[in-house]
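As they're listed, the protein sequences go chains W and X. The first sequence begins at 1 in this note's numbering and counts up by one. The second sequence begins at 1 in this note's numbering and counts up by one.
Hints are computed from structural coordinates only; laboratory data are not their basis. Careful, some of the hints might be misleading.
Which copy is meant is left open, so a pair is good if it fits within one copy or across any two.
Below, in silico cross-link-like pairs of lysine-lysine (BS3-like), each with a Cα-Cα straight-line distance of 25 Å or less [claimed, not checked]:
| hint | residue 1 | residue 2 |
| --- | --- | --- |
| 1 | 343 | 290 |
| 2 | 343 | 299 |
| 3 | 247 | 314 |
| 4 | 255 | 317 |
| 5 | 64 | 348 |
| 6 | 143 | 218 |
| 7 | 290 | 353 |
| 8 | 192 | 64 |
| 9 | 191 | 218 |
| 10 | 247 | 191 |
| 11 | 218 | 134 |
These are the residues of each chain, in order.
Number of protein chains: 2
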Amino acid sequence: MSDSSQLPKIIVIGAGGVGVIGALSLYYKGLSNVSLVIRSDYDLVDKRGYKITSCDYGQFENWKPHHVYRTVEDASESGQFFDYIVVTTKNIPDGPAHSAVSQVIRPLIDNNHKLGEGCQTNVLLMQNGIDIEKEIWNLFDRKQYHLNVLSGIQLIGSTKVAPGVIDQVGRDNLIVGAFERENKDAINAAKKFVELYHNEGKNCAEFDENVRYSRWKKLLYNAAINTTTALVGLDVPRCLEFGVDRKSTEENIFKPAMREIVAIAATENVLLDESLITFFVEITRHIMFKPSMCVDHEKGQLMELEVILGNPLKIAKNNGVQTPVLSMLYYLLVVAQGRLREKNGLLKFDESKAELVDSVQSL
Amino acid sequence: MSDSSQLPKIIVIGAGGVGVIGALSLYYKGLSNVSLVIRSDYDLVDKRGYKITSCDYGQFENWKPHHVYRTVEDASESGQFFDYIVVTTKNIPDGPAHSAVSQVIRPLIDNNHKLGEGCQTNVLLMQNGIDIEKEIWNLFDRKQYHLNVLSGIQLIGSTKVAPGVIDQVGRDNLIVGAFERENKDAINAAKKFVELYHNEGKNCAEFDENVRYSRWKKLLYNAAINTTTALVGLDVPRCLEFGVDRKSTEENIFKPAMREIVAIAATENVLLDESLITFFVEITRHIMFKPSMCVDHEKGQLMELEVILGNPLKIAKNNGVQTPVLSMLYYLLVVAQGRLREKNGLLKFDESKAELVDSVQSL
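Full structure from sequences and hints, please.
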């Protein structure tokens with residue numbers, strides 16, 4: 001292994017099941033210098049490292065990447081230029097303002113801009129949803145900041161089961177591409193990242209030449225199934241089996257919702273084959289799986305509602321697509337999200353007046 | 001007060017907040033002999049009576065009606081003929097078979113039939129929902145059993161707050177009528193019940209000449225609002241205020257759902273005025289009220305889903321009415337009810353196969 005300080009520098013933000021295995025994958029490959037921002041477990045991990053049980057890489061007792069930071073600010077003050085800023089946190093635009101992705105990465109972008117002298121900063125969003133890149137584009141001038149925004153879509157079963165303890169039970173499968181299909185620099189940066197990430201025989205990592213298609217495709221599952229399970233608080237098989245005649249959940253919720261996504265995507269010339277609908281209904285029929293929004297709802301954490309459902313519905317509205325099923329799911333989940341926002345102090349409800357208190361941050 | 005054993009005999013089934021205040025109202029009037037079936041609190045109440053704080057009747061420390069029974073079977077073996085059988089339990093056709101209303105009242109109906117020699121048996125269903133009388137009609141021949149089935153719709157705020165302790169905070173308002181509009185005996189029995197129940201200056205009780213209309217009217221609220229609050233687990237004001245721009249819950253869920261109820265009722269020539277929609281949206285806008293289905297859902301108890309939403313949707317289907325909003329609420333709530341049915345042992349789910357176990361009682 002070469003002197004890691006000479007290698008491309010990558011900082012991973014978000015030290016959950018996804019972020020830690022992501023950092024491990026990069027470190028394992030040995031072609032980059034890997035930093036990880038760890039919020040809650042920093043002291044523990046800084047001292048002892050992670051205990052990891054990984055179906056891809058095996059057992060680790062005290063693993064750490066090259067650098068760990070408590071905050072993004074600390075990392076930005078380290079004097080380093082980061083070639084890749086990898087964001088693995090949840091994307092919740094209706095969450096606290098300071099946790100918006102653009103705000104979280106701002107110190108690193110600014111610092112890179114100061115140090116970089118024309119070097120490219122690549123932001124890789126390993127997150128769910130559609131139109132998540134626009135928040136970054138709106139805030140930072142791509143030319144001025146030499147900024148590429150990259151898309152990462154990951155399939156992985158990995159969970160932080162205790163402070164500093166990660167269990168990866170499902171293989172890591174990552175596709176990376178450029179949000180701008182015509183931007184050669186961004187495309188090259190995405191391809192380069194795949195090289196830095198892919199460990200032959202361990203994980204899967206591929207270049208994604210049609211990011212928008214891949215995101216719409218994943219939305220078929222997330223907008224229809226993730227959302228429904230969150231509302232009723234049940235794993236996918238129970239949602240299917242508890243329907244009227246064991247059929248109504250798939251016939252009257254999942255499939256019509258997915259057909260609406262197909263129709264919305266079609267107005268952007270993204271053509272999703274009808275066979276994908278059956279594919280996604282079947283994919284977790286016999287797996288005791290609770291999608292992320294369902295888990296977040298249960299834990300009292302904010303759900304990725306806007307990027308999974310709110311953004312596609314904005315596109316539907318602009319393009320005149322009827323979405324009766326997705327809209328109902330959305331209007332119900334907005335209320336459920338309101339409940340979570342109240343619990344998390346993002347809005348206040350005055351029971352004596354039976355009204356929202358206006359002063360608190362609104363959507 | 002006359003010798004109560006000579007008065008019309010009334011038995012109230014269900015000793016929750018509604019049933020106990022109902023029994024008290026009848027007892028207070030002094031024109032009937034009142035029995036109450038008390039399941040869980042029987043021993044306590046038999047010994048000490050109820051402690052009641054009532055906005056209609058004041059304070060009682062040790063109140064009991066003329067008779068208390070532990071079970072309907074015990075009551076049916078008492079050798080009495082009951083002129084009125086008043087059912088105040090929840091109506092849950094998809095619950096345990098033994099708790100179906102027709103099964104619960106069967107011993108009393110049979111006993112009356114044996115003793116009655118042509119006397120009329122009046123069954124008063126003080127319950128939510130539409131088409132609840134049909135279950136009784138299907139099981140008992142009305143002529144053979146000299147049976148009248150009466151409808152009671154009650155507005156009351158009354159809760160059992162502890163074993164043997166009842167708190168009534170909202171005035172009792174009852175309307176009673178005959179499910180069969182043309183049946184003079186039933187109409188007279190309903191009017192008679194109002195006389196036995198109404199305490200001038202205390203409660204309100206009125207004869208209802210158009211039962212079907214009243215039930216569709218109440219369904220406007222229950223099918224749209226009760227259901228939504230149950231899904232998201234929030235009181236009505238929060239549901240309204242947490243919507244997009246504080247508007248989507250009423251504009252995109254409550255009102256369209258109510259318009260669908262109006263359309264279904266119209267196919268039965270029940271004409272609900274559009275102004276009722278606004279009325280019901282407003283009625284609990286500023287009251288911190290959680291409807292019954294929401295409370296049941298929270299407590300892990302089965303919801304009155306079929307009589308509130310399933311039955312109207314059957315009528316809609318038969319009569320060709322489109323119900324996109326109500327149907328979505330229904331399909332989601334059927335899954336939520338499945339969760340409650342599993343918790344209550346009414347269905348079994350095999351996680352190793354990710355499938356329902358067939359042998360358990362199904363819908």
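Exercise. Quick check: which numbered hints come out false for this structure?
Worked result: 5, 6, 10
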